[in-house]
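*Asks:* Given only the sequences and the hints, what does the whole structure look like? Please build it.
Protein chains in written order, with the working numbering: chain A, 336 to 875; chain B, 43 to 318; chain C, 11 to 323.
Any given hint might turn out to be false.
For each label pair, taking beta carbons as the anchor points, the in silico distance ranges come out as [claimed, not checked]: (1) C:22 x B:237: 33 to 41 Å; (2) C:101 x A:448: 30 to 38 Å; (3) C:93 x B:231: 50 to 58 Å; (4) C:308 x B:53: 38 to 46 Å; (5) A:645 x C:69: 24 to 32 Å.
Keep in mind the hints are simulated off the structure, nothing from the lab.
Source: prediction; values computed, not measured.
For every residue, glycine included, the Cβ atom is placed at its ideal position computed from N, Cα and C.
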Amino acid sequence: MTRSFVLKTFIGLAVAGLCGLHSTTHANDSKDSDPTKRFGGEIRVAINSDILSTNPGVLRDGNTDTVLYHIGESLVGFRNDLTVAPLLAETITLSEDRLTYQFTLRRDVKFHNGARLTATDVKWTWDRLLDPKTGFRCSEFYNGRGANGVKIEQIVVIDDYTITFHLNKPSALFLHRMADIQCQTPILHRSSVADDGTWRGPIATGPYKLGPWKRGYSVTLERFADYTSASGRRDGVVGEKIAYADRIIFVVAPDRLAAKSSVYAGNMDLVFAVPLSAHKEMERRIKQKGDIKTYHQDTLDWTVVLLQSTDPLLQNPLLRKAIAHAISPKLVTEISTFGLAQANTSAVQTTSPYHTAFHDHWIAYDPAKARAMAKEAGYRGERITIQANRKFPYMFDNAVAIQAMLNAAGFNVHIDVFDWATQLTNFFKGNFQLSSFGYAARSHPALLFANFTGDKTLRQSYQWDNPKALALIEQFENAFSDADMQDSLDQLYRLLQDDVPIIGLYNDHVIDLSKSTLHGYEPWAFGRPRLWGVWTEHRP
Amino acid sequence: MSLWTTVRSRRIYTISAFGLVIIAVAALIGVIYTPHDPLALNVDSRLAAPSWSHWFGTDQFGRDILSRMLIGAGVSLRVSLMTVALALSMGLILGALAGYFGGILDYIISGVVDAFLALPGILLALALIAVFGVGEMGVVVALGIAYTPNVARVVRGSVLSLRPLGYIEAARLLGHPHLFIIIRHIIPNVVGPLTVLASTFFAQALLSESALSFLGLGVPPPHPSWGGILAEGRVFMEDAPWLSIFPGLAIAFSLLCINLCGDALRDYFDPRNSDQ
Amino acid sequence: MIYVLKRLLASIPTLLIVSIFVFVLLRLVPGDPAALMIGDTGSSADLDRVRAEMGLNEPLPVQYAIWLGKVVQGDLGTSFMTQEPVLSALLNRFAVTLQVVLIAFVIAAMIAIPAGVLAGRLQNSRIDMAIVFTATLFLSLPSFWVGMLLILVFGTQLGWLPTLGFVPITDSVSEWFAHIIIPVMSLVCVEMAILTRLVRASTIEVMRQDYVTYARAKGVSETRIVLQHILKNALSPTVTMLGLILGSLLSGTAVIETIFGLPGLGRFLVDAIYARDYPVIQGTLLFIVVIYTLVNLAVDLIYPLLDPRVRRS
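*Replies:* Shown next, in the form of C-alpha cells:
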C-alpha cells in the first residue's frame, strides 16, 4: 500500500469528505420552525410478526432487521439512493491494488453502555462475525467460499481510530455487502455476548437502545441519551439521526388490515406496507377526516414468474419465449397493484441509477404470436401449473392474472396454491414449472443477478444456468467504474431476454400509513420504516 | 309420522327446507349457466358496485361476483357433502368395529379416537392440508379425518346400547356372518343419530372451510368456494363491501337453513324434544 | 384419589398416540423449516448446515426418541424460529387464550342459561322461536366475519375501542380490559349460541320428568320449580358438554387471535405450522391434549356433585 487514494464507490459518488466533521448544517432547518416538533412521547409501530431475536445477521427476518437498524450501526450504510456512505467510519480509503480498505472511525461515538467506540471493538465485532460458531448468515460474503470468492484475509488495528481490512482479491461490491440490511454488521460492544459466547443483547451505537421485549406482544426501543449524531442531511441510514421519541414500540399485529384499523382508531402511529387494496379507502379518509397520512414508495423487492428450465416441457427456450409473449407485465402490474407500481422486467430496480431506458424494453405482449410460437415449439396443450401462495397476496394475484393471460393465448395453465413453506422448499429444490415468486430487496442489481444465476447442478435454487451469464457476473467484482457496471448489467439483461428463465413483473410498491400527528416520516426503497427524525404531536 | 310432517309442523322448518332447495337449485344453475364468465379478468370493471349488469358487483379482477357465487355454491356444497360422507363412512366403520367386536380392537380404536378428539379440528385440518396438498380433495380429506372421531364415538355408543337388547346375540346364534349382522341390525339403528350428526357436520364443514380460507388454505382457484370469496373480499371491506356482504350472507343463510333442518331431523328421530 | 391417578395413567397411551401421530405427520408435511429460516438469501450449503443445527439430519426414530426423552424430563425443546424454550412460550400464550376464553365463557353462560331455560319452558312459543332463531343465526356466522364487523363498528366507525393487540393485566387493568372486549364479544357470540341450544334441550328433557309434573301438581310455585328442579337437573348434562366445548375452545380461537393480534395459543400454533416449527407444534399439541384430558377429568369429578342420580349409583 504505497499511495492511497480516496475511494470512489462504483456508483461514482465520493464517499469521504461528504461526512466532514466540520459540517454542521442541518437539512431539517426549515422544519425547525415547525411548531409541532418536540422531543418525548412514544411512537407505536405495527409489525406483522414478532422479531426472531436481537442478534443481527444471525437469527433474522425482515422485521428483525428493521428493529435492529435502529439499535446498531455499521462502518458504512446506505443513502436513500442506495449508494454507500460512511456511518461509524469517517473516511474510507482503498489501496491502489484494491485489496486493502482503511477505515478511520468517528471519535465521538459511544456505546449504549457508555464505552467509547474504538478500532478494537470493530475488530472484535468482525472476528466474531467471521467465526463459524457465531452462525452469521452471510459469512459466505467474506470467507472465500461464496460465489464471489472474496475473503477477508486479515483485519488489523492500526491505532484506536484506524483499522484496515485486507481482501484476497478486489471486490467492487465489498462495501455494498457491508452495508447490507439483511446481513447487518453493526459494531457491537463485547458485553453484547456472555463469557461463554452466548448472545446477551445488542450493546451498540444507534440512536435507540433495546428496551423490554415481550415476546409475541411488542419490542420497545428507548432513546439513547448519549447518542452523538453524524452530521449531514438525514439520508438512508446515514447522516443526521435525531431520536425525538422517548420510546418506539413495535407492536406485533399479524393482520395488516386490523393494524390499519387501529391507526384509524388512533391506537397505532404507523403501519408500513398496508395492503394496496386499501389505497382508495385511505385516500377517501384523508379527504374526509384528515386524521391519517399515507406515504408511497417503490421498493427494491422484485416480483417475478420463475420458469423452470429443467422441466421437460419448459426446457425448450422457444416455449419459454412463447410464454413471455403471452404475458403482459404491464397488465399484471396494473391488476395486482391497482396501477400503483410500474412494471419492471429487469433485475435492475426502477429506483436504481442503472435502470436506463434499455431496461424498460421487453419481449412484446402478443398473444397471437405466442400461440404460433408455442405451436412451433411443439406444445400440444399439455397441462402447466403455476405455484402460488396466500401468505403474500400479490403472488397469488399475479398468478391469477398470469393464468388468465396464458389460457387466453391457448395454454392450459392451472394454479397450485401451497402454503409458503412448501412453495419456498419447492423453490430451493427447483421443483416447479412456473412459480409466482418475489425476490427480497437487494441493494444493488448486481447482487440480485448474482442471487439467481448459477450452475443448477450445484444449487437447484439458481434460476438461470447460463455460463455466459455467470462469466458476466464474475466481472461485477472488477467493475469499479460506472460504465463497466452499466455495460455488464446491460449485457446480462439482453441475455435474459434470450433465455427467459424469469419474467420480471414489477418492483413492489408500498404504502405506509400513519396518524396525521406523526411528522418527519419518510419511506425509502427498502420499504421499511426509519423512526429517527420522526416525532409525534403532543396529545392533549 | 313422516319426515315431511315434521318439516310441515313448524313454519320455520318449512321455510328452511325451502331455503335449502333454493341453494341446491342455485348450485345446479351455476353448473349450467352463469351470467358472466366467472374466471375472465376485466380490468375496466374492477371493484364495480352492484349494478344491472353485475347484480352483486365485481371483484378486484373485474370478475362478476354473482357468477362466482353461483359456481361457488356448487364448490361449497360439494366440499361439505364429501367431507360429511367421508367422516360418516370412516366413523361408521371404526365405531361399528369397536362397538361390535369389543375387546382389544375396541381398546385400540377407542384410544385412537380419544386421541384425535382431543386435537383441535381446524388446526389438525391445517396440518393435514399441508400434507395432502391444498385443493378440494385436500380440504375434504383433512376435514373428514378431523370429524371422524366424533362419528366413531357416537356409532360405538349406539352399538353398545344395542348389545343388551339381545337380538344381535340371537342373530349370531343363528349363524349369520358378522358383516350381515352389522349391516342388517346395527346400521339401521344408528341412522337416526348419524343423520342428525351429519347435518351438524355439514354446517361445520362449511364454516371450517371459510375459516381455512381466512387462514389461507381453503379451496384454491380457479373455482371459488363461498368461504374463499369471502376471505378474498375481506380486504375490501370498506371500499367494496359487496365483496364480503353477499358471500357472507350466502354462508349465513345456508348455515341457518342447514342448522334449522338439522333441528327438524332431531325432532323427527327423537320426538321427545318436540311436543307431538 | 386413586380414581384420579387411574384416569391420569389411562391417558398416557392417548398422549403417546398423539405424539407419534403428530411427529410422523409433521415429517410428511412438505416444506423445510431450514429453508424458511434462511429464505431466499441463503444457499444450499447454508440449508444443510441449518438442518444439521436443527437436528433434522438424524433418522426419524432417533429424532423421536431424543424428543420424547426430553419431554419426560419436562423439556419441550426450543423453537426453531425464535430459539425460545417451547414450554415457557406456550404457557405465556396459554395464559392469554385462557383469559379471553374464560371471560367469554362466563358471559356466554350468564346469557345462555336464562335464555335456554326460558326457551325450554315456553317451548314452541314465539319467545322460544325467537331465542332459537337468534342462537342458530349466531351459530351460522363465520367467526372472522363477526370479528371484522366488530372491528368496523367499534374500532373504525365509533372509535370507542382499540381493535388490536393485547396488554397484560399486570401492566394496566384498564388497557387490558379495553383490549380484550372485542375479542371476547366475538367469542361470546358463538359460545352463547351453542350453550343456549344445549340448555334449552336439557330443559325440555327435564320438564318431561315425572318429578316436575308431580311438583306442579302439588302446587309448587313455578319459580321454585325452575330453581330447584329444572335448573339443577338441566345443568348437569350441560356441564359435560361444557368440558368438551371448553377443551376445543381453548385451542380453537386461532382465527379470532389472528384478527385481533392476540398472542394466544391458537395463533402460536398456526404460525408454527406455517413456519414448520416442529418443536413448537409437537409441544403445543401435546399440551392441548393434556389440557383436554384434565378438563374432562375435572368435569367427571364435578358431575356427580351436580347430578343426584349419578351420585346414588
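*Asks:* For every hint, state whether the structure bears it out.
*Replies:* Comparing the hints with the structure gives:
{"no.": "1", "hint": "C:22 x B:237: 33 to 41 Å", "in the structure": "holds, 36 Å"}
{"no.": "2", "hint": "C:101 x A:448: 30 to 38 Å", "in the structure": "holds, 32 Å"}
{"no.": "3", "hint": "C:93 x B:231: 50 to 58 Å", "in the structure": "holds, 56 Å"}
{"no.": "4", "hint": "C:308 x B:53: 38 to 46 Å", "in the structure": "holds, 42 Å"}
{"no.": "5", "hint": "A:645 x C:69: 24 to 32 Å", "in the structure": "holds, 30 Å"}
Checked against the numbered hints above, the structure breaks none of them.
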